[in-house]
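Trainee: If you want the building blocks of each chain, they are given just below.
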Amino acid sequence: MKLRTRFLRDRLMLAGLGLLTAVVVVPLFIIIFYVVANGFSALDANFFTQELGSPARAMQGKPTGLVASIVGTLLIDLAALAMALPFGIGTGVMMSEYREHPFAPIARLMVSTLNGMPAVLMGLTAYALVVKNTGGFSGMAGSVALAFVMVPIIARTTESVLTVTPWALREAGLSLGLPRWKVTLSLVLPAARTGIITGVLIAFARAAGEAAPLLLTSFGNNFLSFDLSKPMDSLPQRLYSLAISPYKQWHALGWGGAIILLLFVILTFFIGRVAVARLEKRMKG
Amino acid sequence: MGPAQKSAAAALPRAFRGPGDRVFKYAIVGLSSAVVALALVMAVVIYIEARPTFKAFGYLSFLTETTWDPVKSIHGALPFIIGTFVTSFAALALAAIPAIAVAIFTSEYAPKWLAAVINYTVDLLAAIPSVVVGLWAIFNFAPLMRDAVYMPIYLWAEASAPWLATMLGAPSTFNMTTGTIVLALMIVPYTVALSRDAIGQVPRDQREAMWALGATKWEVIRQAVIPYARTGIAAGVLLSLARALGETMALAMLIGNSNRLPFTLFGPAATMPSLIINEFREAVEPLHYSSIMAVGFYLFIITIGINLVTSFVQRKLYMGRGMV
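Heads up: the sequence lines are chains A and B, in that order. All the letters of the first sequence, read from the start, carry residue numbers 38 to 322 under my numbering. All the letters of the second sequence, read from the start, carry residue numbers 846 to 1169 under my numbering.
Rather than coming from a laboratory, the hints here were simulated on the basis of the structure. One or more hints might be untrue.
[To be verified] One side of the interface only, derived from the structure: several residues of chain B facing chain A at Cβ under 8 Å:
(1) Val874
(2) Val890
(3) Leu970
(4) Val977
(5) Thr1093
[Unchecked claim] Keeping only pairs whose Cα atoms sit at most 25 Å apart, straight-line, the calculated SDA-like set for lysine to any residue is:
(6) B:Lys870 - A:Leu215
(7) B:Lys957 - A:Thr171
(8) B:Lys957 - A:Phe307
(9) A:Lys39 - B:Val1065
(10) A:Lys39 - B:Arg1052
(11) A:Lys39 - B:Leu1058
(12) B:Lys870 - A:Asn170
(13) B:Lys870 - B:Val886
(14) B:Lys900 - B:Glu910
(15) B:Lys870 - A:Ala59
(16) B:Lys957 - A:Arg310
(17) B:Lys1161 - B:Ile1151
(18) A:Lys318 - B:Ala972
(19) B:Lys870 - A:Leu211
(20) A:Lys267 - B:Ile1151
(21) B:Lys957 - A:Ile308
(22) A:Lys39 - B:Ile1151
(23) A:Lys318 - B:Gly1045
(24) B:Lys870 - A:Glu208
(25) A:Lys169 - B:Ala901
(26) B:Lys900 - A:Asn170
(27) B:Lys1062 - A:Leu57
(28) B:Lys957 - B:Ala971
(29) A:Lys285 - B:Asn1102
(30) A:Lys99 - A:Val73
(31) B:Lys900 - A:Leu166
(32) A:Lys285 - B:Ser1017
(33) B:Lys870 - A:Phe307
(34) A:Lys219 - B:Ile1149
(35) A:Lys169 - B:Leu1132
(36) B:Lys1062 - B:Asp1042
(37) B:Lys917 - B:Tyr1134
(38) B:Lys957 - A:Leu215
(39) B:Lys1062 - A:Ala59
(40) A:Lys39 - B:Thr1061
By construction, the Cβ of each residue, glycine as well, lies at the ideal position given by its N, Cα and C atoms.
For reference, chain A alone in the conformation it holds in the complex (with noise of 0.2 Å):
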């Protein structure tokens, strides 16, 4: 072949290779344009103060806005946190502390298998546990099916971090004498403290984004409610009902809504990047 076809092709190959990245990366602009041009309208005071009601009420015109699902997505998502952290750091110390443990082969697997699970059978399973057995829906029963999405993220992104930790730290602590967990406690998961609180972040931040299990399990309400025993709206969720329903009126409040969700995953997601790009170069450093 002549030096002059192989440079050809090189760059041939190049000019390809852009213009597939362009098709993959172009869309994203599009969406984002599209969600903020429409959206940014809606983002009145009444947006973040009023309840939604019936659609009788923003077919009148009355005040209406999106206040139920901004408190209830932050109530349901908490909630989740605060039962998936135990869980998903527990499995993940496990999985990278306790590995001669025969128990973390079996962690490791059924994580992995979770991790791939999708989420409307999270919700499946959350309807089943808790909806049936308490009587109705519930922003509990949602919160429990989030913390299902959580945990397999959570003590995946704990193990990996947990195993990049330098072993000489452990060594040195049981050589001073100390026991395993004070290892494990006060020097191990203090040193692999930001690549956590990453995991954790980006674990919320999909979780926060999921519609389908919310939809089996805390239902949505459109008015507000701070009782998590009863059902409850949540931004996803919400988003579908106002985006399949007929009103005119609602889709202008879902294009605000859509925007809202963006800004609070992007942001958890930012602030956990940004926390691993720090940890990363104090790593290097």
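Dock chain B against the given chain A, drawing on the hints supplied.
Mentor: Just chain B, lined up with the frame of chain A:
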């Protein structure tokens, strides 16, 4: 505990002999066994809820029955299984090449700053909740595609190739093709991330040997990078397939929800997750409810199957390199 160990423990200073280690270990084992139990409980609970359906229709005939009619209490999962597999494989076919291209472009060609920007963008795409993508597609993408793409194609086919027209079906706003394209968009970030990891594992020596022979960049990629990363990329594509099979909201919003076979390219269809979302809240009949659970049970089985195949591929990959 043997006598030798016992005396060794007794030799320890009192402060280090405490029950701390044992208590901590029990706590950790307890917490992680709850997670292990969760995976088993999921399978058992969904199976128990689905049992009336299996009793009424049988395990296999539920899978092969084509009618889903809650009013007449006939339930078969075949339409949804077909819908799930067709959309997932088509989306994977659409997504795989561009995704691998992004991974190659960022790791081999692009300057560092550009690669960082692209990687951030793709990770961001993964972070966008699928309801938001669904919302955008409902109001912008789906109507646009119907008017600008499906309608002209269908009208042309009707006039000059009637056999094609029946395959395409009359274009509806929410249909299988739109759902598949959006599904492809949703799985691209996973395929990119996993292919990127696989390419990142290719040792520098491998490339340098190729450079030393005077190869162009593309020849390095073609003959040194891709052969080495092939298995890893394959595992990544399989994992993306598992994602696609389970992707719920975007499809539930865009596929049009038709339970009746045959599905056409431009007509409405349904998948297993979209059925669960669209009918679960309205399922009052016990048999309807348990049939939706049965669909969930099969979705569970399919996902586990793909996960097992993937971990098999990955293990082969690691053993092949002596990395275990």
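Trainee: Take the hints in turn and mark each one as holding or not.
Mentor: Do the hints match the structure? See the list:
1. Val874: holds, 6 Å
2. Val890: Status holds, d = 5 Å.
3. Leu970: Holds, because the Cβ-Cβ distance from Leu970 (chain B) to chain A comes to roughly 5 Å (cut-off 8 Å).
4. Val977: holds, 5 Å
5. Thr1093: holds, 4 Å
6. B:Lys870 - A:Leu215: holds, 15 Å
7. B:Lys957 - A:Thr171: violated, 54 Å
8. B:Lys957 - A:Phe307: With Cα atoms ~20 Å apart, Lys957 (chain B) and Phe307 (chain A) stay inside 25 Å; holds.
9. A:Lys39 - B:Val1065: holds, 17 Å
10. A:Lys39 - B:Arg1052: Holds - the C-alpha atoms of Arg1052 (chain B) and Lys39 (chain A) are around 22 Å apart, at most 25 Å.
11. A:Lys39 - B:Leu1058: holds, 15 Å
12. B:Lys870 - A:Asn170: violated, 32 Å
13. B:Lys870 - B:Val886: Judged against 25 Å, a Cα distance of about 23 Å means the pair holds.
14. B:Lys900 - B:Glu910: holds, 14 Å
15. B:Lys870 - A:Ala59: violated, 51 Å
16. B:Lys957 - A:Arg310: OK: Lys957 (chain B) and Arg310 (chain A) at ~18 Å, within 25 Å.
17. B:Lys1161 - B:Ile1151: holds, 15 Å
18. A:Lys318 - B:Ala972: holds, 24 Å
19. B:Lys870 - A:Leu211: holds, 16 Å
20. A:Lys267 - B:Ile1151: violated, 37 Å
21. B:Lys957 - A:Ile308: With a Cα-Cα distance of about 22 Å, the restraint between Lys957 (chain B) and Ile308 (chain A) holds, given a limit of 25 Å.
22. A:Lys39 - B:Ile1151: It is violated: about 45 Å lies between the C-alpha atoms, which goes past 25 Å.
23. A:Lys318 - B:Gly1045: holds, 19 Å
24. B:Lys870 - A:Glu208: It holds: about 19 Å lies between the C-alpha atoms, which stays within 25 Å.
25. A:Lys169 - B:Ala901: holds, 22 Å
26. B:Lys900 - A:Asn170: holds, 23 Å
27. B:Lys1062 - A:Leu57: holds, 18 Å
28. B:Lys957 - B:Ala971: The given pair, whose Cα atoms are some 21 Å apart, holds under the 25 Å limit.
29. A:Lys285 - B:Asn1102: Roughly 22 Å separates the two Cα atoms, so the pair holds.
30. A:Lys99 - A:Val73: Given that 25 Å is the threshold and the Cα spacing comes to 24 Å, the pair holds.
31. B:Lys900 - A:Leu166: holds, 22 Å
32. A:Lys285 - B:Ser1017: The given pair, whose Cα atoms are some 20 Å apart, holds under the 25 Å limit.
33. B:Lys870 - A:Phe307: violated, 34 Å
34. A:Lys219 - B:Ile1149: violated, 37 Å
35. A:Lys169 - B:Leu1132: Distance of about 16 Å is within 25 Å: holds.
36. B:Lys1062 - B:Asp1042: The given pair, whose Cα atoms are some 20 Å apart, holds under the 25 Å limit.
37. B:Lys917 - B:Tyr1134: Answer holds: Lys917 (chain B) to Tyr1134 (chain B) is near 14 Å, not above 25 Å.
38. B:Lys957 - A:Leu215: Answer violated: Lys957 (chain B) to Leu215 (chain A) is near 44 Å, above 25 Å.
39. B:Lys1062 - A:Ala59: Given that 25 Å is the threshold and the Cα spacing comes to 20 Å, the pair holds.
40. A:Lys39 - B:Thr1061: At roughly 12 Å apart (the allowed maximum being 25 Å), Thr1061 (chain B) and Lys39 (chain A) satisfy the hint.
Of the numbered hints given earlier, the model fails hints 7, 12, 15, 20, 22, 33, 34 and 38; all others are met.
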